[in-house]
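*Asks:* Keeping the supplied structure of chain A fixed, place chain B upon it in accordance with the hints.
There are 2 protein chains.
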Amino acid sequence: MSLRYLSARLAQQIDNELMSAAGAFSLDQLTELAGLACAQTLAKVYGVEKYNRVLVCCGPGNQGMSISKSLFGYKPAIYMPKVGSISRLHTQCKNMSIPTLGEDEESLRTALKSSDVILDAIFGFSFKGPNRAPFDSALSMISASGLPIVSVDIPSGWDVEAGNDAGFGLSPDVLVSLTAPKEGVRTFRGQHFLGGRFVPRTLEEKFGLNLPIYPGYEQIVDITEATRKL
Amino acid sequence: MSLRYLSARLAQQIDNELMSAAGAFSLDQLTELAGLACAQTLAKVYGVEKYNRVLVCCGPGNQGMSISKSLFGYKPAIYMPKVGSISRLHTQCKNMSIPTLGEDEESLRTALKSSDVILDAIFGFSFKGPNRAPFDSALSMISASGLPIVSVDIPSGWDVEAGNDAGFGLSPDVLVSLTAPKEGVRTFRGQHFLGGRFVPRTLEEKFGLNLPIYPGYEQIVDITEATRKL
Chain A
5 MSLRYLSARL AQQIDNELMS AAGAFSLDQL TELAGLACAQ TLAKVYGVEK
55 YNRVLVCCGP GNQGMSISKS LFGYKPAIYM PKVGSISRLH TQCKNMSIPT
105 LGEDEESLRT ALKSSDVILD AIFGFSFKGP NRAPFDSALS MISASGLPIV
155 SVDIPSGWDV EAGNDAGFGL SPDVLVSLTA PKEGVRTFRG QHFLGGRFVP
205 RTLEEKFGLN LPIYPGYEQI VDITEATRKL
Chain B
5 MSLRYLSARL AQQIDNELMS AAGAFSLDQL TELAGLACAQ TLAKVYGVEK
55 YNRVLVCCGP GNQGMSISKS LFGYKPAIYM PKVGSISRLH TQCKNMSIPT
105 LGEDEESLRT ALKSSDVILD AIFGFSFKGP NRAPFDSALS MISASGLPIV
155 SVDIPSGWDV EAGNDAGFGL SPDVLVSLTA PKEGVRTFRG QHFLGGRFVP
205 RTLEEKFGLN LPIYPGYEQI VDITEATRKL
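Respectively, the protein sequence lines represent chains A and B.
Read in order, the letters of the first sequence are residues 5 to 234 in this note's numbering.
Read in order, the letters of the second sequence are residues 5 to 234 in this note's numbering.
Isolated chain A, as found in the complex (with noise of 0.2 Å):
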């Protein structure tokens, strides 16, 4: 029994019943976990010794921020090609002073010097191409910049079904999904882990995700042997 990749459409799917009356999640709970399960990743890759700095790219949504402050003992900074308007979560990065860069490509640039590793929290499941300004030169830069990448459940610029067959897409060394790996990410061949640990087993067996076992008391786990066989 092997690991399911999710459609676009059952993404959205899993996501509503875990946040249905049924579900009882609230948004709020789904993005603190899965922010610890991405700040863990980068962790477990990159030791805080040598990728002290890490740029932490943020799109329309809040992840980037629940993963900025869930970054124990680095310096992260985040960057944000259009910067919205000030969330809950914003300002808890701000209180602990996780300063924010302009939205300008010369900061980006600055940035980008300054930086040790790359969290991609651009896009989620939900982009649809074509890739527009800012965000085109954003991705640009970022993947110009060598520096290594970990990117949150579909690496930002990959259709969620198609993958990077665009070629935009970042080319990421690690990925960590939330909740169940998707389909754009089949030929993805860095590291791979999984987050997401709240998905209960009735939903799981509903679906038929054959989720791996998560160790101990982590929040991810290691499915880059698992997903290499599929």
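Just so you know, not all the hints are guaranteed correct.
Which copy? The list can't say, so a pair holds if one copy fits it or any two copies do.
[Claimed, not checked] The list that follows gives simulated cross-link-like pairs (lysine-lysine, DSBU-like), each with its CA atoms no further than 30 Å apart:
hint: 1; residue 1: Lys-210; residue 2: Lys-117
hint: 2; residue 1: Lys-210; residue 2: Lys-86
hint: 3; residue 1: Lys-210; residue 2: Lys-79
hint: 4; residue 1: Lys-210; residue 2: Lys-54
hint: 5; residue 1: Lys-210; residue 2: Lys-98
Quick caveat, the hints were computed from the structure, so don't treat them as lab data.
*Replies:* This is chain B only, laid out in the frame that chain A set:
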């Protein structure tokens, strides 16, 4: 500089500030993180092989539910001396097939015989005696069981400032204080952990908390030695 013990008033004030517009935390977030910390404490002291069956004793709040669903690998069961309305967290526990016992004494008696360890989350820091029915007999029965007890924040029946002066409180083996230890637990001499890794430095400095450094990615830090010295 030693760890500060909190009065009832100060504990409430810190909670209020965390959840104010400036602090920006939601109750869901804080409950989730505290739940992970408490579950991790139990797992650290009472290994899952020998102490698989955890009786989680819950009060009017939601903290016990949050702990129950984070007891990865264990077989938790929920006991509430007084069952209220079903919260979202309680629904999540039901979805995870965590049973909730009847609120009668016979259910508790039976459950105590088939449990390996107690997680005491009945009363928090806002408890004020006297200890009324049905909580009085529940505490007596839990004490009489002789099972090891992990208490959350304040052992149930203790006053947040006067401690167990009234004498009817539980005598836990392990305590996990949340945010910072409270005045009432100065005399506690068991194994003592601190959880609540979310207090921003500014708040810590404002109130002179002198919090210890949490190791690695842990949600808890052992403060047994630190509090012995105070």
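*Asks:* Please go over all the hints and tell whether each is borne out by the structure.
*Replies:* Hint check:
1. Lys-210 / Lys-117: neither (47 Å within a copy, 35 Å between copies)
2. Lys-210 / Lys-86: Neither: 38 Å inside a chain and 34 Å across chains, both beyond 30 Å.
3. Lys-210 / Lys-79: between (41 Å within a copy, 23 Å between copies)
4. Lys-210 / Lys-54: neither (43 Å within a copy, 32 Å between copies)
5. Lys-210 / Lys-98: Cα proximity of Lys-210 and Lys-98: across copies only (16 Å, versus 41 Å in one copy).
Of the hints listed earlier, those the structure fails to meet are numbers 1, 2, 4, in rising order.
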